[in-house]
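*Asks:* As a plain string of letters, each chain reads:
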Amino acid sequence: MTPVGNTALTTFDAIVIGSGAGGSSAAYLLTKAGKKVLILEAGPNRFDFLDAPERQPVSRFGQDELKCEHRGFIASNELVDPRSFRNSPADGERLLVGSVNPLPRTVGGGAVHADLKMPRFMPQDFHLGTDLAGRFPGTSFADWPVDYDALEPWYTHAEKVLGVSGLAGADPFEGRRSGPLPMPPGSPMYLALKASDGLRRLGYHPFPYPMAINSLPYDGRPHCADCGLCSGYGCPTNAKGSPPVTTLRKAFLTGNCLLYPETRAVKLLTNGTRTEVTGVECLDPEGKTVTYRADMVVLAASPIEDTRLVLLSGGFGNGSGMLGRNLTFHFQTVAIGAFEERLHGHRGKTVSHGFSDFRGRPNDPDHPLGGIVEISGSSGPITVSKYSAEILTLLQQFDGPRFKHVVRSGAFRERSMLLAMQAEDAPQPTNVVDLDPAVKDLDGLPVARVTYRNHAFELSAREFYKPKLLEVLKAAGARWGLVLPADEISGSAHVHGTLRFGTDPKTSVCNPEGRFHEVGNLWNADGGLFPTSSGFNPTMTIMALAMRVGAAMAFPGNPEKALSQ
Amino acid sequence: MPSTPSRREVLAWVSGAAAASALPACAPSSAPVPPVVFPRFLTDAERGALGALVDAVLPPDDLPGASALGVVEFIDRLLTALEPDGAPLFAGGPYSGRAPYPAPDGSPSRVFPANDFLQGLGLDRVQAKAWRLYLYGSDGTPGGGPNDALLGKTVGLRDRLRGLLGAALQKAPALATADDAGRAAAFKALSQEDRQLLIELTCDGAFSAPEYGGNLRGAGWALAGYEGDTLPLGFTQYDAVKGALTERAEFPMSKPESGADPRPLDSETRAVIAQLAMLAGGQEFK
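Each protein sequence line maps, in turn, to chains A and B.
Going by this note's numbering, the letters in the first sequence line up with residues 2 to 566, in that order.
Going by this note's numbering, the letters in the second sequence line up with residues 46 to 331, in that order.
Calculated directly from the structure, the hints in this document are not laboratory data.
The model shown is predicted, which means the values in this text are computed figures rather than measured ones.
Ideal placement from N, C-alpha and C gives every residue a C-beta, glycine not left out.
Be aware that a few hints might be false.
Examples of chain B residues lying across from chain A (beta carbon under 10 angstroms, computed) [stated by the list, open to error]:
#1 P84
#2 F86
#3 L87
#4 D89
#5 A90
#6 L108
#7 E128
#8 F280
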């Protein structure tokens, strides 16, 4: 394991736990403001030269489906690092042990494997408490303590840092922008153009998806060559603006940042009154215990792991009783269309277009709150051949010749279109992360247990939009269409809540700046803060919010000062 | 066993020398041939039986079956990956050398990157433990699995495959030389879990990058109609002279495929899709 950054640093203003979308963004802002930052990342580093000013980083990813999708190159592993799951305490201690909403474990976190779809949230997404609280029993809708206007300058800043391509104003439902996107959209995918034609005929509004992927050379990184293996893959060319080559690299180049890979934070040390964090106990790459100290500590290891770490440390800072509660994902509804024609959906960025018409409005029965819809195609031949075999097995028709015939036809690879709606997942205080009483990880530490059940709120929205998704597929020219069954355990990598921020310490864990109400130097800078999930991919909002958190740490009371630096 | 590739053939592929036939649009790099010899776990008899079973999953016809694609070699490399001199579990990156760099105007240049896939990447502490458990099981892993007492021991892939192949050979000692019907019968006699395991390993081996030991000469990709890894050229190029994006005519991004469909859907495949749609509550659009 080789540290990355300025190895001469020995004292730090802040420790950031996790180097993904949130942690890297907070570190970027802190180091830009002159703070000395130590980043602790549990996973390995798969880039060279991240801290080299004279040359661009080299990715050790590749167009390698086996490595990235089937051998878990950067994935958490359920054999040694599992989670447990149940729908409610009535299920007993757990229903299963295994892979439960894991995020990648690598320098750059989940934002390395994501294809970095970067829509902003809509202005209405920040005040769903005002609109919906008390209307749906069992839910806990709450307003965000910041609104769209307060976050807008941070959105604009993050879009520039990452390099977002797209077309401002193309989504008629988006909020106001103070500036254009840094780059125009990249090459459109053929299947997206077909879908867009159908959508327009139905009166909907498709648009080029905003993505942190270079459509043109930008910030020293090349344009995207549309290799096709994007979502689920680290980028071989660095055209994708993932944290290692954007926020983290910029932090390293200040000289104020050091990152230790393969270093797992396992305990937060506190003072006697548990109002200050005094150190972070870790396991180093060999599994030996080591402690690091700084004035401030930032949790950014994902909402589930952040909560787990606080609970492993005794569960402090929880006077509200909200720690670990209000866990949300995105409730995904996926419709698949099968075409006679070849759509070559494996060429591109996984997604080039989407539409927001199904996001809906609060309290509008004609437009219930769903979410943005991504238009995509197929993935690589290993994945598609495996699910082709699954389909034939399901139909009790698997035999070798038929399987090979289906694979050769490209039926499920070249001729399919997917519509994936990322819908609002109603927050519920009973959807919670805690520690499993018996299941352990490889180091003997209790794993996170997820207790989660969908609410009728999102289930009814799914039923509302299912026929409309099929209608879109038909309009696009599909011959067959179907909607996949809903996940019994959410498969979404969009994870939010558990450390909800708000103005009232009685109902929230963190304050509007992202600091724990009850712990003076402990902050959160990832999706853990989200009071509600919205219906849009969360990474842009996580990064904008985390930059604002970093700025609030560097410039107490005046975070906007960081924007003028 | 039908036409399992020889080690010489495997090494020829690893050198990159066979790449030209896999991707007609590209020429290979001329990387030096590394003298690679990987350890084996399976006996010759076991390899013969495994070849027959994976050929039951992906049988030979006018195109190669799984064993001819190198799936047996792929699986044996997986089983010995943690042995001294074992093959890497993770190929390197970013490029394989099968596609060239673009020229300044975006067209394919004559310059190819080195094959970085040959430089395997190591495992961190967590991955090392996980792969040890997966391949060798709780009994072959120091300290066992973290939840053996609660969930039971993990059975390693090596033991699982050896048991599966031993049972298959007991039922059909001449399995390695069986005909299509014999291979299919042996496959059908396996448990659902074992059939699923072999399907997954076959797909992994037949359609992964050739550096892992399968997909010889890119023939698995060709079978699936897949272009293979195309970077650094890719499907969209940037013409620095004109300052505009361009596409490759033979592999369009935003336009329909040109030319006749070489593999149009037939009635058999349409029937599979239609049944799936009906089973899932979907519909056929008229």
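*Asks:* Looking at the structure, which of the earlier hints fail to hold?
*Replies:* Hints 1, 2, 3, 4, 5, 7 are the ones this structure does not satisfy, whereas the remaining hints hold.
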